[in-house]
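Just need the whole structure built from these sequences, with the hints factored in.
Protein chains: 4
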Amino acid sequence: MIRFESDYTQGAVPEILEALIKTNMEQTPGYGEDKYCLSAADKIRKELKCDSAAVHFLVGGTQTNFTFIASCLRPHEGVISASTGHINVHETGAVEATGHKILPIESFDGKIKAEDIEAMVVAHENDASFEHITKPKMVYISMPTENGTIYSKAELEAIYEVCKKKNLILYIDGARLGYAMMCKENDVAFSDLPNLCDAFYIGGTKVGALFGEALVIVNEKYKEDFRYIEKQKGAMLAKGRLLGLQFDTLFTDGLYFKVSAHAMKLADRIRAALREKGIRVYYNSPTNQLFPMLTDEQMNKLKNDFSFCYWCKNGDLHVVRFCTSWATQEGDVDTLIDAINAL
Amino acid sequence: MIRFESDYTQGAVPEILEALIKTNMEQTPGYGEDKYCLSAADKIRKELKCDSAAVHFLVGGTQTNFTFIASCLRPHEGVISASTGHINVHETGAVEATGHKILPIESFDGKIKAEDIEAMVVAHENDASFEHITKPKMVYISMPTENGTIYSKAELEAIYEVCKKKNLILYIDGARLGYAMMCKENDVAFSDLPNLCDAFYIGGTKVGALFGEALVIVNEKYKEDFRYIEKQKGAMLAKGRLLGLQFDTLFTDGLYFKVSAHAMKLADRIRAALREKGIRVYYNSPTNQLFPMLTDEQMNKLKNDFSFCYWCKNGDLHVVRFCTSWATQEGDVDTLIDAINAL
Amino acid sequence: MIRFESDYTQGAVPEILEALIKTNMEQTPGYGEDKYCLSAADKIRKELKCDSAAVHFLVGGTQTNFTFIASCLRPHEGVISASTGHINVHETGAVEATGHKILPIESFDGKIKAEDIEAMVVAHENDASFEHITKPKMVYISMPTENGTIYSKAELEAIYEVCKKKNLILYIDGARLGYAMMCKENDVAFSDLPNLCDAFYIGGTKVGALFGEALVIVNEKYKEDFRYIEKQKGAMLAKGRLLGLQFDTLFTDGLYFKVSAHAMKLADRIRAALREKGIRVYYNSPTNQLFPMLTDEQMNKLKNDFSFCYWCKNGDLHVVRFCTSWATQEGDVDTLIDAINAL
Amino acid sequence: MIRFESDYTQGAVPEILEALIKTNMEQTPGYGEDKYCLSAADKIRKELKCDSAAVHFLVGGTQTNFTFIASCLRPHEGVISASTGHINVHETGAVEATGHKILPIESFDGKIKAEDIEAMVVAHENDASFEHITKPKMVYISMPTENGTIYSKAELEAIYEVCKKKNLILYIDGARLGYAMMCKENDVAFSDLPNLCDAFYIGGTKVGALFGEALVIVNEKYKEDFRYIEKQKGAMLAKGRLLGLQFDTLFTDGLYFKVSAHAMKLADRIRAALREKGIRVYYNSPTNQLFPMLTDEQMNKLKNDFSFCYWCKNGDLHVVRFCTSWATQEGDVDTLIDAINAL
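Protein chains in written order, with our numbering: chain A, 1 to 343; chain B, 344 to 686; chain C, 687 to 1029; chain D, 1030 to 1372.
For the record, the hints were derived by calculation from the structure and aren't laboratory data.
Please read all numbers here as calculations on a predicted model, not as lab measurements.
There is no bait here: all hints are sound.
In silico DSS-like links for lysine-lysine, alpha-carbon gap of 30 Å or less:
id	chain 1	residue 1	chain 2	residue 2
1	B	K566	D	K1250
2	D	K1330	A	K35
3	D	K1051	A	K303
4	B	K564	D	K1193
5	A	K313	B	K507
6	B	K601	B	K365
7	D	K1072	D	K1250
8	A	K166	B	K656
9	C	K951	B	K365
10	D	K1064	A	K303
11	B	K508	A	K313
12	C	K999	D	K1194
13	D	K1342	C	K850
14	B	K365	C	K708
15	B	K509	A	K313
Written out as structure tokens, the structure is:
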């Protein structure tokens, strides 16, 4: 069984394991105040060309999302998100558990538009009962989205402009950020990100690390006391060095981007194979997640040798998800492509 | 200016004021343990033909909703509601502030269907990632709905059946319950209610009282320790007797139903006038809220003498809301009908 | 049975009932935006000599406390309170239910000292693990305290100075504020209050109203969006006029202070009687709550004709609480004093 | 600088790193449903002689505490803890952030007594205002405590008996459980634990793992739906296998206990050296944390070569904390003992 069901089925890039082994018996202070965390944060700031960014290392994505959101919002404030956004559908109500309503904007492909955000805020402002309605205060988007799609630079600029105009915080979930960055269709540079939002996170779990996400807070207003809240939410790892080490490794010599490019190359090959076979996709994802629509027969054939995610039904067809990752083996992709060709 | 914008513009039925005056200098224990609360609860149980119901008196509707919901649910459990449900749109995220996600079912007229509830639960059960998704555990409906519509007895039976089958709690918001009960199209008897849900509340604020809602918990499982949570949520009035007195008055000689019938009679007259004038309504509400669709000219003419709620635009027409209540004056309705006729 | 167990056993001053009757069928907008709320807020601001204060009317004390606290604090911030503070011991964890820890300072008589507050903050600042500890951000005190004691002006000034120095919000619970103001030992003028704290509330429930508390927010920083949170916490009464009317009445011609003075005069008489009888008190309360320490025999004798609160045991003696209020009858106090004399 | 400040300054036992390397490129399902988690849970159950225990792997201690507590309690219920308990003083209000009050019992050495727990519950039951007070529902203790002390089997039995009698959940924080188990004074067998409480956790972070805690839920009542809440609180690691692998390694051939015994042996040596030197300790800790009381001069001398925790002042003396761990080097202890001898 070759697994394509997700991009977190395997451990970490070998460089990370080596770093763990090499430093294992070093003694460091805890809670993210060791030299590896400092070094990793510096490297990330340098790569982002943003000296003033605050960088915090957390363990997982759900945790990073609700910790940052809870840190920023007052009780009556809510988060605008695509209806398909991870916080809205796959975090067991983690944001609501911190007291905040999510304000969904209907989305098919995972993206939302600047004008829809503005319209929601304007509707709120114009409602005579505005005080009876959750106040939109943050916008949550993902890059790439949960459906594999990406925002163009122009789209992000438009969204951030609305946010600044309407006093909204823009936060980008980058669980798979590396794959967006290395996508051929992407026109957003990594160092553009600090100019395009108030905060975002660089996903490690799905991009080469054992675990870990690097939260980057750009806007001064949302930096204060973050570590208190990180601790409160169980997001401050005792041996914080483990996170520092991993991100230090990933941001040495561009490793984060190299391993992302690997996944993208393999995803592109599968994408091409599907296209050639005439198998259509449900979302127009240019990144490492692919959403082919299969017939009963096609799905059953592939099931024998490959694991993948069942997404939804679309008419007679089954939408499924295949993921590549930093860890995907060239040979496994060859086998999959052969199987696709043979369908 | 004659106000038809809501059903809580005025004080209380005179009998309530008289009771307040008469008992003003009596000394009673606090927090709902006085003889008036006991008597009111007894009268309500008798009217409901349900000796075992627990009856609690709270101050307002939003408060009653989030207090009961928070009392029942574990952190990962959510509430199914019509997208238009009061808890979803007009309580400033009060339910989320207690930690629980609302799971909306799209609705135009405020009602949801048994089959849509079941489909949502089945989808949850069948989702491989079910533990990553808020678990549906309660169903919130309103009778009448926020759009004035009502459920038939058969519809409520079907919903409750699904709830029992799927282990969901059914809770009915009865902010305007009296108006539903006295509606000509209604086939649900007041004493049917304990058999049709796990808990509901009998609205006082909009139906003759100065303020106050009577929460009726039928299902034994949700009775335990409710008073602790009532206190925690600021919902336990120090001079609880004020609530007891009001409900005792309203449930003496059927006063609650009489004043509701008054509102319904006047609403029906306005409804007839609109129909005769050829003015169509947006929601097919048979209760005390009316949603005519007016032209610019019609709206502007009526604005001069009457206050009403602006609801939304529908094509070129303006959907507005007129409410009658226990307090509406026959003469004011005459004046409104004349104005409608003159449009 | 004559009740001295609390100061909320009766209705309201007759002037309030008259106002309710007189305005009962007037139509007003809801949610605290009617003319009576506006007028009451103006009168309070005038009495406080503070034009810029924001005044909000809420229903009860627990509600006012947690609503204001939740409105001000970020998730990692806590409230310093006397260990005996109402929020710490008698609100079923209402503040914690909004997510915030209470940081108690041990207190016998209900008061806390400026130096203890400062010491707690300094200890926090100096703790190497400060980010692992709830950050003190607000100070909650009561005037009078739950034990009937009062702060002198100098004490309040010292506390507020520490608060400003250490960036703490000072909030005063004035559930019985009128009784403190009219206490012979009090040297704090009502119009001093806006200069002595960031926010406080003027208790109505225990001082002449049917129910209701007037929250006064002095510090500009804590005014923004309060009404949203008021709505979210179920604290925004639909018929807000009921609160406006009551406070408008109480703040017309100094009625609030007159009725408070009445309670104080009667409390002083009972206090004198206890002293003459040689019955000592547990707390040195100069306000409307008295805490005599009774022998078994004394307690049992008084029990026959009077209700009072059992507080605690102190050696062989029973500490009990007697309260007077705006509603206490001169004749009932005569009867009680006779009974004390006869012990 | 040799670090004795905590027991989490280093990585993991080599066997864990080897297991990570060996399995790095294996593909497994995520979220704790892989074969390593299953195997680790089985080994733990076997070691505990408790086939029915539910075993969940979480990332850190604070997280495990608030996730389990939030999973069990209704909104009005609180947790009894020693005043010194980790949840009460070093988790930035994490438990309160889930809505629950902590009910502290004053403690000097970190332990609480069965009779104090019972007294608190009885006081609650007997209080006329019990519904206005947080209801004690859970007891949180630590083994060993934050002050290094341990409970005897008889003490734990007495506590659990009170818990069962008073319907309280008993939960044991075992962040350093291995060190308690291997302590010479300990009379509690590892396999006794399931009979002595409703749930507990086996600390990995401080006892040989890179990170990770194994929560063991014994009582059937608290097992349901735990994984939902684990996900909601950010405690469900995407690559759950990392936790499974670590605990599988630690519970193979008693490795967990062996590495614990190593730390204890070294702690005992330091303890003996302090005793011989006439340096007294603040808490009578028989485990891996030592709390010597040093003079200015002694502290300053040791500071040059060793890092340790500053705890508090006691008269003229400084209470500090030294920890050993699974990773402490024999040679470093020799150096420390020489330094102690030379004081």
